[in-house]
Structures are given as C-alpha cells and as structure tokens.
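Top to bottom, those sequences are chains P and S. Numbering-wise, this note's numbering comes out as the position in the first sequence, counting from 1, plus 166. Numbering-wise, this note's numbering comes out as the position in the second sequence, counting from 1, plus 166.
Everything labelled a hint here was simulated from the structure, so no lab data went into it. Note that the coordinates shown come from a computational prediction; the quantities given were computed from them, not determined experimentally. Glycine is no exception: its CB is placed at the ideal position from the N, C-alpha and C atoms. Only true hints are included.
Residues from chain S that face chain P, not an exhaustive set, calculated with beta carbons under 10 Å:
id, residue
1, Leu761
2, Glu762
3, Gly794
4, Ser795
5, Arg796
6, Ala801
7, Phe802
8, Lys852
Derived DEER-like restraints, expressed as beta-carbon distance ranges:
id, chain 1, residue 1, chain 2, residue 2, range
9, S, Thr703, P, Lys231, 17 to 23 Å
10, S, Thr697, P, Pro247, 41 to 47 Å
11, S, Asp711, P, Arg381, 38 to 44 Å
12, P, Lys231, S, Asp711, 19 to 25 Å
13, S, Arg704, P, Leu364, 40 to 46 Å
14, S, Arg755, P, Gly362, 36 to 42 Å
15, P, Gln227, S, Ala314, 53 to 59 Å
16, S, Thr703, P, Gly362, 37 to 43 Å
Counterexamples of contact, computed for chain S against chain P with all Cβ distances above 10 Å:
id, residue
17, Arg293
18, Lys302
19, Gly310
20, Pro443
21, Arg458
22, Asp470
23, Glu481
24, Asp482
25, Ser557
26, Arg593
27, Glu641
28, Gln699
29, Arg704
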Amino acid sequence: MSYYFCIVNTRDQPTFELEFGTSKQGGDGIARFSPEARELNPFLMHASLDYVDDLQWYTNQMYLKRIDHISHTHISAYLTPTSTRFLLLHLPHPPNTAPVPPPQSSTSYSPYGPYTNAFPGTTFNPSSSLSASASSTATTTSSSNTRILSSSSSAGGGSGGIPNNPTSPQTEEAIRLFFTEVNEVWLKSVMSPFGGPLEKVGSPVFRARVVAAGRKYL
Amino acid sequence: MTPLSTATDRPDSLLSTTNPDLSKPQRVGFEKPEYLAPATHLGPQSPHASATSSPRSSSRHSQSNQEQQRHLSSRSSSPASAGSYDDGPRQTILASFAPRVACFASEDTDDIAKEKGYSGGFHSLLRPFAEHVPGKVVIRDSVGASKAWEDFGIRLIQYQAEYRAVASSVGPLQSHQTDTEADQPEQRPSSDSPSVGNTRGSSIEAIIIQWIHAAQDNKQTPGFQGLVDGPDSQRPSTPATAYLQYLRKLLSETVQEPYETFSHPVACIVAVSSRSPAPLEKIRQMYSYSGRANNAIPPWVAVDYLRYYVLVHDEDHDDIVKSTALFDLMKRHFGLHCFLLRIRSLPCVGTDSEVTESPRCHWKTADEELSEMEEFKRGSSTSASQYIFESDAVAIRSFFREMVTQSIIPFMESRVVTWNDQVASKRRGIGGRFMSLSKRWTGFGSAKGAGTATATGQNPSNSNFDPSRGYYSPEAPEAIMRQLADYSFMLRDYKLAFSTYDSLRTDFSNDKAWAYHASANELAGVSFLLTPQVLSTRARSEVVDQKIEAALYSYLTRCSLPFGAIRSILLTVELLSERGPGAAEDAARWAMKSLELGILSPILQVLMTERIADIRNTERGTGLLRLGSRRRQAAFWNTLATVLWERLGEPVPASSRLQMARTVMDGLGSQAINMPFPTMRLLYSKLSSTESDLDGGDEPLIELDPTPPPGQMNGTLVDLTERPQRQDVSEILEDADASGFSAIEANHPDFAKAPLG
Numbered sequence: 167m168s169y170y171f172c173i174v175n176t177r178d179q180p181t182f183e184l185e186f187g188t189s190k191q192g193g194d195g196i197a198r199f200s201p202e203a204r205e206l207n208p209f210l211m212h213a214s215l216d217y218v219d220d221l222q223w224y225t226n227q228m229y230l231k232r233i234d235h236i237s238h239t240h241i242s243a244y245l246t247p248t249s250t251r252f253l254l255l256h257l258p259h260p261p262n263t264a265p266v267p268p269p270q271s272s273t274s275y276s277p278y279g280p281y282t283n284a285f286p287g288t289t290f291n292p293s294s295s296l297s298a299s300a301s302s303t304a305t306t307t308s309s310s311n312t313r314i315l316s317s318s319s320s321a322g323g324g325s326g327g328i329p330n331n332p333t334s335p336q337t338e339e340a341i342r343l344f345f346t347e348v349n350e351v352w353l354k355s356v357m358s359p360f361g362g363p364l365e366k367v368g369s370p371v372f373r374a375r376v377v378a379a380g381r382k383y384l
Numbered sequence: 167m168t169p170l171s172t173a174t175d176r177p178d179s180l181l182s183t184t185n186p187d188l189s190k191p192q193r194v195g196f197e198k199p200e201y202l203a204p205a206t207h208l209g210p211q212s213p214h215a216s217a218t219s220s221p222r223s224s225s226r227h228s229q230s231n232q233e234q235q236r237h238l239s240s241r242s243s244s245p246a247s248a249g250s251y252d253d254g255p256r257q258t259i260l261a262s263f264a265p266r267v268a269c270f271a272s273e274d275t276d277d278i279a280k281e282k283g284y285s286g287g288f289h290s291l292l293r294p295f296a297e298h299v300p301g302k303v304v305i306r307d308s309v310g311a312s313k314a315w316e317d318f319g320i321r322l323i324q325y326q327a328e329y330r331a332v333a334s335s336v337g338p339l340q341s342h343q344t345d346t347e348a349d350q351p352e353q354r355p356s357s358d359s360p361s362v363g364n365t366r367g368s369s370i371e372a373i374i375i376q377w378i379h380a381a382q383d384n385k386q387t388p389g390f391q392g393l394v395d396g397p398d399s400q401r402p403s404t405p406a407t408a409y410l411q412y413l414r415k416l417l418s419e420t421v422q423e424p425y426e427t428f429s430h431p432v433a434c435i436v437a438v439s440s441r442s443p444a445p446l447e448k449i450r451q452m453y454s455y456s457g458r459a460n461n462a463i464p465p466w467v468a469v470d471y472l473r474y475y476v477l478v479h480d481e482d483h484d485d486i487v488k489s490t491a492l493f494d495l496m497k498r499h500f501g502l503h504c505f506l507l508r509i510r511s512l513p514c515v516g517t518d519s520e521v522t523e524s525p526r527c528h529w530k531t532a533d534e535e536l537s538e539m540e541e542f543k544r545g546s547s548t549s550a551s552q553y554i555f556e557s558d559a560v561a562i563r564s565f566f567r568e569m570v571t572q573s574i575i576p577f578m579e580s581r582v583v584t585w586n587d588q589v590a591s592k593r594r595g596i597g598g599r600f601m602s603l604s605k606r607w608t609g610f611g612s613a614k615g616a617g618t619a620t621a622t623g624q625n626p627s628n629s630n631f632d633p634s635r636g637y638y639s640p641e642a643p644e645a646i647m648r649q650l651a652d653y654s655f656m657l658r659d660y661k662l663a664f665s666t667y668d669s670l671r672t673d674f675s676n677d678k679a680w681a682y683h684a685s686a687n688e689l690a691g692v693s694f695l696l697t698p699q700v701l702s703t704r705a706r707s708e709v710v711d712q713k714i715e716a717a718l719y720s721y722l723t724r725c726s727l728p729f730g731a732i733r734s735i736l737l738t739v740e741l742l743s744e745r746g747p748g749a750a751e752d753a754a755r756w757a758m759k760s761l762e763l764g765i766l767s768p769i770l771q772v773l774m775t776e777r778i779a780d781i782r783n784t785e786r787g788t789g790l791l792r793l794g795s796r797r798r799q800a801a802f803w804n805t806l807a808t809v810l811w812e813r814l815g816e817p818v819p820a821s822s823r824l825q826m827a828r829t830v831m832d833g834l835g836s837q838a839i840n841m842p843f844p845t846m847r848l849l850y851s852k853l854s855s856t857e858s859d860l861d862g863g864d865e866p867l868i869e870l871d872p873t874p875p876p877g878q879m880n881g882t883l884v885d886l887t888e889r890p891q892r893q894d895v896s897e898i899l900e901d902a903d904a905s906g907f908s909a910i911e912a913n914h915p916d917f918a919k920a921p922l923g
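With the rest of the complex left out, here is chain P:
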C-alpha cells in the first residue's frame, strides 16, 4: 500500500501533507505512486471533501471510514471537532514491489493505437480498467478483480498484517487507530501559540510522530 496523508483546514487548504508506504509485511515505508498519480492525488483529495461535507451531517462519529474511491485508489476521512479534515489516500499494491511504470499504459492511450483492446473479451481487464480509471494510478495492482483481491487478502490476512484490501475491516480499524493517534499529536501541535488550526503545521517533531504512527499501524 502507498499512502498519502493530508490535513485539510476549514478553508480547504492543506496544512500538512505526507506520503509514505506501508511498513507491514516487510514494507519499506516508501510510497510508490506513479508520477501521474502524484499529480492527480491532490485533486482526488480535494474532490473527496465534497463527500466529507455531506457525511458530517449524517454521523456522529469522527471517523468517517472509506468515503470515496476511484478505481483502486481509496480515501478515508476523519473529522475533528473543529471541522479540520484528515484525509488518507491509500493505494494497494503488492508489498515490496514497485508498480510497473505507466509508460506502458500511456502507449495504450494513443488514439490510433491498439483499438483491438477497446472492447476486451475478458470482462474484467485489470490493465484497461486501470487506464480507465482516471486517477491514473499505478498500473499493476493485481487487485483489480475482486476475486483476486479477496484471495490475496486471505493470503495476506493470515500473516497478521493489514491485508492488501482497502475495504476490509482490518484496514478500516488500522486506519482508525492511525487517525486517532494523529489526532492526539495534532491537537498538541495546534495548541501552540504560534500556530492555529488554519496554519501550516511545520513542526518536524509532528512530522516524525505522524511517520511513526504510520509505521506503527499501516
């Protein structure tokens, strides 16, 4: 899994951004987003705020769970009492394997190119569904198919880590713990007289604590 964590203030500006990878199942904690995905991730985050704004009136929980997904990129949200939003974008891919770089997908975009692939015979074509996904996330994840996805999750779930399945309850719980911990740290940070909920959180200590929380839970 690759993660992109973001704290968004009430004016929709990010006050803190961090990319990291999973540390479970031997992950090295480095995010593996493709360049296109890195460009579009902020848009995706920003767009999902629409759902946060809707959902906040329908639940009394601070943790809003998974609120949005576009193909395999999922977004979970957490709402603080001051309406500051924590957003976590997570993109599953097999641990310790870098995604196949998307040039291969960009060739399939060429307008006069392989139209034979236009209506593929196989009903669930992972690569084309990914190129369809506008999020242009990394291409490889074998989890495009729910069946494959569930099988991989059952394989990974045995080892006790977070399964590579963003919709599973274990992942949900892990993200909840992560959010709760970050919330604690963040509260202390915004109580600083030199900052406030609208300002950037620039403290290196805070950053280190968030990274540690990520390593611990995700």
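Starting from the known structure of chain P, fit chain S onto it as the hints suggest.
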C-alpha cells in the same frame, strides 16, 4: 468568441437541453427542441417551400385533410425536426427505439431511384424521410389512453442487404450462450462475440475522432464546410456533444440479435413500380420471398410482420390512368395496406425551381457514415447535399404519414392487445404461476414449443429455450412476450413494457438464457426510468440498480457481450442524470462504475469522464449549507478529462476542458480559495503550457489576468509558468518532505503573511 466565454457558456447550454423538470407533462419536454431548434441551417428555399403547399398525391387519398397539409408543408420547411443532432440525450434515446421497417423494392423501383441520383436505390431515397413522421402521431396504450407524439419515426432497413448480412452471423450467435458455458467460462468461445463488439466500437470511435478533428478545423477556419456530411451548425464543437454523438451512434447500430426484437422488422414495404410488366405477379413473388421461403431470414425472427404494398408511379414517363387502374386492382387483391406513390424519375439539381434539399439521415450506423466519408474523400460523390423535387418530398412525407398512422401503429397496437390477452395475462395470472412452477419442479407441464424440444431430446428442463442453438423459436411464449414488451416499448407504453420485461426476467434466468436475461433486465431498468413518475430513492436502489446490475453481470460474465453492457450503462446514466440531484448522484456512480469495469475504449473513457464532470457540475447542492454540492468533484473530473485528452493527443478538447476546470475552480468562491493544494497549481501550469505549445502558442489557454483579484492565486501561477516548466512534482514533494513546506507554498500569499508554527 474568446475561449473563456465558450467555457462559461457550455454548462448552461447543456443544462437547458437536459430538462430536469418532472412536474411538466412529458410531451412538453419533447416539444422543446422544436422551439429551440435554430433556424440557421434551413435552406434558402424554406420560405418558398412553405408557400407552395400543393402536394399532388396526398390530395387523392382520404387522409389529406387540411390539418395534415399544414403539418406537411410546415415540416418540409424545417429539417431541424425532432431527431436531429441538437436533441438532448433523452430525446435521442426515445427516438432510437423506433420500429424497424424493411424496404423490399423490385429492381425497376430501384432503377427509378437510381435515375434520380440515389445510388443506393429506393431504400436510400425513402430512408431520410422515414426518420421523422410529420405531425403528431397518436398512440393508444394498453389501458386505452391516447397520447400524441411529435417526434415519432421509423427506421428503414434494406431488406435484401439485411438478411444477407445476418445469415453469415448466425454461427457465433448460436455458440455463446449455452448453459454449460455459463458454468465453465474457460470453454467460452470468446473470439466471436467480442469481435462484434470490436468492430462496432472501433468504427464509432473512428467517427468520433473524425468529428473532433472536424470541429477543430472548424475552429481554425470558420467558413469551412466540412468533410463530414451534415450542415455546419450540426457539427459538434464541444466534446460534450461528442459524447452525445457517441450515444447516438451506439444506439444506431442495427445488428440483429435473437434476444431482442427491436431490430427485427415490424413491417415490410413491398415496392413495385409502374414500369414493371407484371406488377401483381411481381408482388406475389416478393411476398413469398419475404416469408420463410427466404432462407436468409434467421430462424429466430418472426415472419408474421405486416406487409405494405407500394406502387411507385413514375410521373415523367408513365401514364397515371394506367397506374390508378393498377392501384385499384392492387387494393382489391392485397387489401388496405397499399399506397400509390407518385414521384418523378428525372434527376434533380439544386438550380431547378421547386426543389428542396433532401433531408439528412440522422440515424446512420457508424460503418455507413465511415464509408460515406471515404467516398467523399475519394471525390466520387460530388456534393454533400442532395436535392429532391418539392413535390416528391411532399409525396414521400405523406406516404410515411399514412403508412405509419394508418397501418403500422394500428398493427402494432392490435398485436400488443392480442399478445397481452392471449399470452402475457395467462402467464401473469395464478394459473400461469402454477404452470411455470409445475414445469420447473415436476416437469410435467408443457408449453407450446416444448414438443419439438423434447423430441430432439436436447432439452431436459422442458423449457422452450434451446440451449444448443441459443434462442427461443419465435412461436414460443417467451419470445412472443419479449416481442410484446419490445412493441410496447417502441409504442412508448413504458408501463406495460416494464411489467412484461419484469415477468420475463425470471423465465429467462430459469431457462439459463443469459443473453435474453441480460437484455430483459436492461430494458426493465430503462423502461422503469422512462415511466413518467416520481423516482424515489428506494425505487432507484431496488429496481434500477438491481436490474442494471444483473444485466451487467449477465452481459459481461455470462455472455461476454460488452456492447450490451456499455449500452445499458449509457442509457442508465443518461436517464438518471436528468431526474434530480439524488438520481444524478446515482448516474455519476454508474458512470464511474463503467470506467472501473474496463470495458470502455480509450476515447469512450474520456467521453465518460467528461460526462461525469458535466453531471457533477449540475449538482449544485441545496440550502444554505449547499448540501450535496459536488463542485469540487466537478473540478476533479474536468481536470482528469483534460489529462486524458492530453494523453490521447487531442489538444483542442483538452484545452476546452481545462477552461471548464478553471471555471469550476474559480466558482468554488467562498468555500475555498483557488487551487488550495500546491501541486494542483503545478499540474495546471504544466497542462496549460503544453496546450499552448500544441496550439501554436498564439493564445494562452488560461487567461492569465494581468490584474488578479485580491486573494487569488493567479500571481503564483504566473510565477510558476516562468519557472522551468517541466519541474517535476516529485521534486516539489521531496522538498516538502524535507522541510514541511515547498518553496511554492511559501509563496502562497495567505501563508506568506502568516507566521509559521
């Protein structure tokens, strides 16, 4: 027109075509395009045409009352009738499910048309006129309520060509839906049906790309009269219309399938001319050939359709007295479904007096359109437009009016009533339930077609479905029910259609007739959406979602018919998107789902992305809090569409999408300052710089306002574009990783003045 103003205009124009107002009666919505239809592409002859309302042939028949005359003459002067390119998606969908009428003309009739300059024969002469029947067409539904439709039309298919083509495609159709394959997907012969999807899809794509390029050329040279046929004003200038074109082309496909009878002929025009030496014998001959005697008609097509006999009288060469006598004889022999069509056989040029431009075919299939374009490029066809004598046009229009209102509609209505009484009500009642139960559990019940199936021993479940051949015989009750549903759908009696499709679904799934099952599910969902009633959230999730979901599953995993899946998604999206904010949310969800299924070709992916952006843009939210607003989503999808167009190498649609994305971002207003995330600005500047490169660099695609309003980001944007343009995002982010801030964030005016914690 500056690019900025086109971008701001577009959402509104899109909104006005998709009328979400449900409180109005439906018909009002359909008339709307008539009022809105621009008069720009009327020929110069149009006032002249409306003045000369002297149809020769129609005065002879009893139907030619004053009312009809008025309609005919007014219609002849307005080619921008319903069914034109300017329609919204709902009109397109309604008009697309029109009865198909086969045209079976004798050689001498074809010769007359060829002399007139229609190389495709009699069929190509009549075809454009068939697409819209002038005046109101009154249809009675199953409960006896009459409703008048302005935009009713039929589609003319060529009898000979159609059945030669279909005969060759029988093979693959048989193979892909036996029930063993449903259980063992590895045995599925996947090479056949996807190739059908491929050819259909790719020729539509080719058309769309041609269109986009034509629109592009159009933009650069305003007076360009293009290579695509169709008047200039009908050319799409925006990608949003490219999407509508795609929808129209997709719905224009007329490939015959056993599992839906929309493309099966409702009637057959048998045409002979006055030149024929023995017209009556010729008609008899053609009649027998139009039935089972013709081996090319596939066995799943019911052949008891209406025959309509037309005597084509050549005004320039033949004697009308003789023809009238012959016509009387015809009526005596063949009954009431006859017509004497008087047309001139001389070719017509645009400079003659009393001529009018022949209307255009709006429902050509993509392949036809492509081959026409090829011909035009080779220079074999001299002009894009064809002219026809005013008198001929009036005669043909009145012919279609009489045929549709006097013969075809009453025929279909009586069919619906008969089938509803004899077949459908039996199955719906308690006895029918018992029969189907007993048939299923004890195997002792029998239906009409079961005898043949058990005789061959291939059908242990005692159903009428023949798994080895993959279709129901047209006499089986299921096939008749399906035809009943399709007829009532074409007659726009969506309630009856829905209940029939709904009862058919279980039958088909019991018989494991998966293609039938998918299609019945799809049309049940679609006809439910077309029923003029308030659509509750519950109905949406319980009826529409469930049925479309089942249709998709059957189409994709059981039969591998991606074409059907794409069609059902497009129909659902379009019909949902105009039914209020909640339904629009569902529409966007379906559209996103279609992207995830991986069945869309690259260009359709982009068009779909644009469609999502447009739907999101319409969701403005309600109340003070703007609950349900999806403006930020709209910004995202617009940006995404820009990126995808860029990847396809189409700068012009990309730039117009970028404009829209900018507009939406600017419109976020009080909720946010523009482009709050720093990397957003980076992507935008990158996009706009590549676009201006591709465009020749003469005009900046994002208007960099020299005097930015206070508190906006434009100043920063200028800074960014002045930097080395291809600065990598990763650089910025690594920068941010190191210090918590990127250099750009520090330039952010809102942050720059604030102390950093």
